[in-house]
Amino acid sequence: MSTPRDLLIVAMEMETSRPLERGDLSLALAGAELIDLLGAQAVRLDDERIVPGYRPTLPDRLLDQAASSLVQRSPYESVDDWLWRRGYGLAAAYLSALEDDGQITREHRRWHPFGAGQTALADSPARRQAMDRWTSREAVLTALAAAAGINGTGTGDEQDVADDAVSTVLDAVHDAVRELEGERQRRAIEKAAFDNVWRGPGGN
4 MSTPRDLLIV
14 AMEMETSRPL
24 ERGDLSLALA
34 GAELIDLLGA
44 QAVRLDDERI
54 VPGYRPTLPD
64 RLLDQAASSL
74 VQRSPYESVD
84 DWLWRRGYGL
94 AAAYLSALED
104 DGQITREHRR
114 WHPFGAGQTA
124 LADSPARRQA
134 MDRWTSREAV
144 LTALAAAAGI
154 NGTGTGDEQD
164 VADDAVSTVL
174 DAVHDAVREL
184 EGERQRRAIE
194 KAAFDNVWRG
204 PGGN
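Numbering-wise (the working numbering), the sequence shown opens with residue 4 and increments by one.
Check before you lean on any hint, since a few could be wrong.
Said to hold, decoys possible - Here are the in silico distance ranges between beta carbons for each label pair: (1) D84 / D167: 14 to 22 Å; (2) D166 / A125: 30 to 38 Å; (3) S81 / E186: 12 to 20 Å; (4) A165 / E193: 40 to 48 Å.
In short, the hints are calculated from the structure, not lab data.
C-beta: ideal position from N, C-alpha, C; glycine also.
Required output: the full structure, derived from the provided sequences and hints.
Below is the structure:
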(Lines of atoms letter the chains of each structure in order from A and count residues from 1; the text may use other names and numbers.)
(Lines give C-alpha, C1' and ligand atoms only; values in the text may rest on other atoms or scores of the structure.)
Protein backbone atom coordinates (compact mmCIF):
# COMPACT_ATOMS: atom_id res chain seq x y z
CA MET A 1 0.00 0.00 0.00
CA SER A 2 0.96 3.63 -0.38
CA THR A 3 0.70 6.67 1.85
CA PRO A 4 -2.17 8.15 -0.22
CA ARG A 5 -4.19 4.95 0.14
CA ASP A 6 -3.40 4.76 3.85
CA LEU A 7 -4.55 8.36 4.21
CA LEU A 8 -7.82 7.67 2.42
CA ILE A 9 -8.46 4.61 4.59
CA VAL A 10 -7.87 6.68 7.72
CA ALA A 11 -10.21 9.36 6.39
CA MET A 12 -12.94 6.76 5.87
CA GLU A 13 -12.34 5.10 9.23
CA MET A 14 -12.22 8.12 11.53
CA GLU A 15 -15.18 9.99 12.94
CA THR A 16 -15.24 13.67 11.97
CA SER A 17 -17.10 16.58 13.51
CA ARG A 18 -18.06 17.68 9.99
CA PRO A 19 -17.84 16.04 6.56
CA LEU A 20 -14.33 16.38 5.17
CA GLU A 21 -13.95 18.73 2.26
CA ARG A 22 -13.18 16.72 -0.86
CA GLY A 23 -10.73 19.38 -2.06
CA ASP A 24 -8.78 19.37 1.22
CA LEU A 25 -8.43 15.61 1.09
CA SER A 26 -7.38 15.69 -2.57
CA LEU A 27 -4.61 18.19 -1.82
CA ALA A 28 -3.38 16.02 1.06
CA LEU A 29 -3.43 12.96 -1.20
CA ALA A 30 -1.33 14.79 -3.79
CA GLY A 31 1.14 15.67 -1.04
CA ALA A 32 1.19 12.03 0.08
CA GLU A 33 2.00 10.95 -3.49
CA LEU A 34 4.90 13.37 -3.67
CA ILE A 35 6.26 12.15 -0.34
CA ASP A 36 6.14 8.55 -1.56
CA LEU A 37 7.91 9.58 -4.78
CA LEU A 38 10.61 11.22 -2.68
CA GLY A 39 10.95 8.00 -0.69
CA ALA A 40 11.28 5.98 -3.91
CA GLN A 41 13.95 8.42 -5.18
CA ALA A 42 11.75 9.12 -8.18
CA VAL A 43 12.09 12.83 -7.41
CA ARG A 44 14.16 15.24 -5.37
CA LEU A 45 13.49 18.83 -4.40
CA ASP A 46 15.68 21.69 -5.58
CA ASP A 47 14.44 24.40 -3.26
CA GLU A 48 10.71 23.94 -3.95
CA ARG A 49 11.07 22.59 -7.49
CA ILE A 50 10.34 18.91 -8.18
CA VAL A 51 13.24 17.41 -10.12
CA PRO A 52 12.62 13.94 -11.61
CA GLY A 53 15.15 11.31 -10.60
CA TYR A 54 15.33 7.54 -10.81
CA ARG A 55 12.20 6.21 -12.53
CA PRO A 56 11.18 2.99 -10.81
CA THR A 57 8.14 0.95 -11.77
CA LEU A 58 5.81 1.53 -8.87
CA PRO A 59 3.36 -1.23 -7.89
CA ASP A 60 0.59 1.25 -7.06
CA ARG A 61 -0.92 2.30 -10.40
CA LEU A 62 -2.00 5.77 -9.25
CA LEU A 63 1.42 6.44 -7.79
CA ASP A 64 3.01 5.17 -11.01
CA GLN A 65 0.68 7.50 -12.92
CA ALA A 66 1.83 10.35 -10.69
CA ALA A 67 5.47 9.57 -11.50
CA SER A 68 4.66 9.50 -15.22
CA SER A 69 3.06 12.95 -15.00
CA LEU A 70 6.15 14.71 -13.62
CA VAL A 71 7.33 17.77 -15.52
CA GLN A 72 10.59 16.69 -17.13
CA ARG A 73 12.11 20.03 -18.15
CA SER A 74 13.67 22.92 -16.27
CA PRO A 75 12.49 25.01 -14.47
CA TYR A 76 10.35 22.02 -13.44
CA GLU A 77 7.19 22.26 -11.36
CA SER A 78 6.88 23.76 -7.91
CA VAL A 79 5.47 21.73 -5.04
CA ASP A 80 2.53 24.13 -4.85
CA ASP A 81 1.75 23.76 -8.56
CA TRP A 82 1.95 19.97 -8.22
CA LEU A 83 -0.58 19.95 -5.39
CA TRP A 84 -3.14 21.95 -7.36
CA ARG A 85 -2.60 20.14 -10.67
CA ARG A 86 -2.27 16.59 -9.41
CA GLY A 87 -4.79 17.05 -6.60
CA TYR A 88 -7.70 17.86 -8.90
CA GLY A 89 -10.26 15.07 -8.42
CA LEU A 90 -7.68 12.86 -6.68
CA ALA A 91 -9.89 11.78 -3.77
CA ALA A 92 -12.44 10.31 -6.18
CA ALA A 93 -9.66 8.57 -8.14
CA TYR A 94 -8.28 6.88 -5.02
CA LEU A 95 -11.77 5.89 -3.89
CA SER A 96 -12.36 4.26 -7.25
CA ALA A 97 -9.00 2.47 -7.06
CA LEU A 98 -9.77 1.09 -3.60
CA GLU A 99 -13.12 -0.15 -4.84
CA ASP A 100 -11.56 -1.75 -7.94
CA ASP A 101 -9.08 -3.56 -5.67
CA GLY A 102 -11.84 -4.91 -3.43
CA GLN A 103 -10.88 -2.72 -0.47
CA ILE A 104 -14.36 -1.16 -0.29
CA THR A 105 -17.73 -2.83 0.11
CA ARG A 106 -21.13 -1.31 -0.47
CA GLU A 107 -23.54 -1.06 2.43
CA HIS A 108 -25.97 1.39 4.00
CA ARG A 109 -23.81 3.60 6.17
CA ARG A 110 -22.47 7.12 6.17
CA TRP A 111 -18.98 7.69 4.82
CA HIS A 112 -17.89 10.90 6.43
CA PRO A 113 -15.33 12.33 4.00
CA PHE A 114 -17.85 12.67 1.19
CA GLY A 115 -21.13 12.83 3.10
CA ALA A 116 -23.90 10.30 2.79
CA GLY A 117 -23.12 7.17 0.84
CA GLN A 118 -23.12 3.40 0.80
CA THR A 119 -19.42 2.59 1.08
CA ALA A 120 -17.49 0.84 3.84
CA LEU A 121 -13.97 -0.45 4.20
CA ALA A 122 -13.48 -4.18 3.78
CA ASP A 123 -11.60 -5.98 6.55
CA SER A 124 -8.24 -6.43 4.84
CA PRO A 125 -4.49 -6.37 5.51
CA ALA A 126 -4.36 -2.96 3.79
CA ARG A 127 -6.89 -1.54 6.22
CA ARG A 128 -5.02 -2.96 9.21
CA GLN A 129 -1.70 -1.61 7.91
CA ALA A 130 -3.14 1.89 7.49
CA MET A 131 -4.68 1.87 10.96
CA ASP A 132 -1.43 0.57 12.46
CA ARG A 133 0.35 3.60 10.98
CA TRP A 134 -2.40 5.80 12.36
CA THR A 135 -2.49 4.40 15.90
CA SER A 136 1.32 4.55 16.11
CA ARG A 137 1.06 8.25 15.23
CA GLU A 138 3.42 7.88 12.28
CA ALA A 139 4.61 11.43 11.69
CA VAL A 140 3.93 11.87 7.97
CA LEU A 141 0.48 10.26 8.02
CA THR A 142 -0.52 12.26 11.09
CA ALA A 143 0.59 15.53 9.52
CA LEU A 144 -1.29 14.82 6.29
CA ALA A 145 -4.41 13.86 8.23
CA ALA A 146 -4.20 17.10 10.18
CA ALA A 147 -4.01 19.07 6.92
CA ALA A 148 -7.05 17.24 5.55
CA GLY A 149 -9.06 18.00 8.72
CA ILE A 150 -9.37 14.45 10.02
CA ASN A 151 -10.34 14.28 13.69
CA GLY A 152 -7.81 12.96 16.14
CA THR A 153 -5.14 15.30 14.84
CA GLY A 154 -4.42 18.88 15.58
CA THR A 155 -1.93 21.42 16.82
CA GLY A 156 0.68 19.77 19.00
CA ASP A 157 -0.37 16.27 17.93
CA GLU A 158 2.11 15.90 15.09
CA GLN A 159 5.65 14.64 15.53
CA ASP A 160 8.54 16.46 13.93
CA VAL A 161 9.59 15.23 10.50
CA ALA A 162 13.36 15.04 10.17
CA ASP A 163 13.53 15.04 6.35
CA ASP A 164 13.68 18.62 5.01
CA ALA A 165 12.11 17.73 1.65
CA VAL A 166 9.19 15.95 3.32
CA SER A 167 8.72 18.91 5.67
CA THR A 168 8.62 21.23 2.63
CA VAL A 169 5.83 19.14 1.10
CA LEU A 170 3.85 19.02 4.34
CA ASP A 171 4.12 22.79 4.78
CA ALA A 172 2.93 23.28 1.20
CA VAL A 173 -0.08 21.00 1.79
CA HIS A 174 -1.11 22.98 4.87
CA ASP A 175 -0.70 26.27 2.96
CA ALA A 176 -2.75 24.99 0.01
CA VAL A 177 -5.57 23.79 2.26
CA ARG A 178 -5.67 27.19 3.97
CA GLU A 179 -5.75 28.89 0.57
CA LEU A 180 -8.64 26.67 -0.53
CA GLU A 181 -10.57 27.44 2.66
CA GLY A 182 -10.03 31.14 2.07
CA GLU A 183 -11.42 30.78 -1.44
CA ARG A 184 -14.47 28.92 -0.11
CA GLN A 185 -15.10 31.68 2.42
CA ARG A 186 -14.73 34.36 -0.25
CA ARG A 187 -17.24 32.63 -2.50
CA ALA A 188 -19.68 32.18 0.39
CA ILE A 189 -19.49 35.91 1.18
CA GLU A 190 -20.00 36.82 -2.48
CA LYS A 191 -22.97 34.47 -2.75
CA ALA A 192 -24.54 35.87 0.42
CA ALA A 193 -24.11 39.42 -0.91
CA PHE A 194 -25.62 38.42 -4.26
CA ASP A 195 -28.58 36.76 -2.52
CA ASN A 196 -29.15 39.90 -0.46
CA VAL A 197 -29.27 42.02 -3.61
CA TRP A 198 -31.93 39.78 -5.15
CA ARG A 199 -33.98 39.65 -1.95
CA GLY A 200 -34.02 43.43 -1.83
CA PRO A 201 -35.04 45.76 1.03
CA GLY A 202 -38.21 43.81 1.72
CA GLY A 203 -36.34 40.56 2.25
CA ASN A 204 -38.32 38.71 -0.45
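Structure-based check of each hint:
1. D84 / D167: 14 to 22 Å: holds, 20 Å
2. D166 / A125: 30 to 38 Å: holds, 32 Å
3. S81 / E186: 12 to 20 Å: holds, 19 Å
4. A165 / E193: 40 to 48 Å: With a Cβ separation near 43 Å, A165 and E193 satisfy 40 to 48 Å, so the hint holds.
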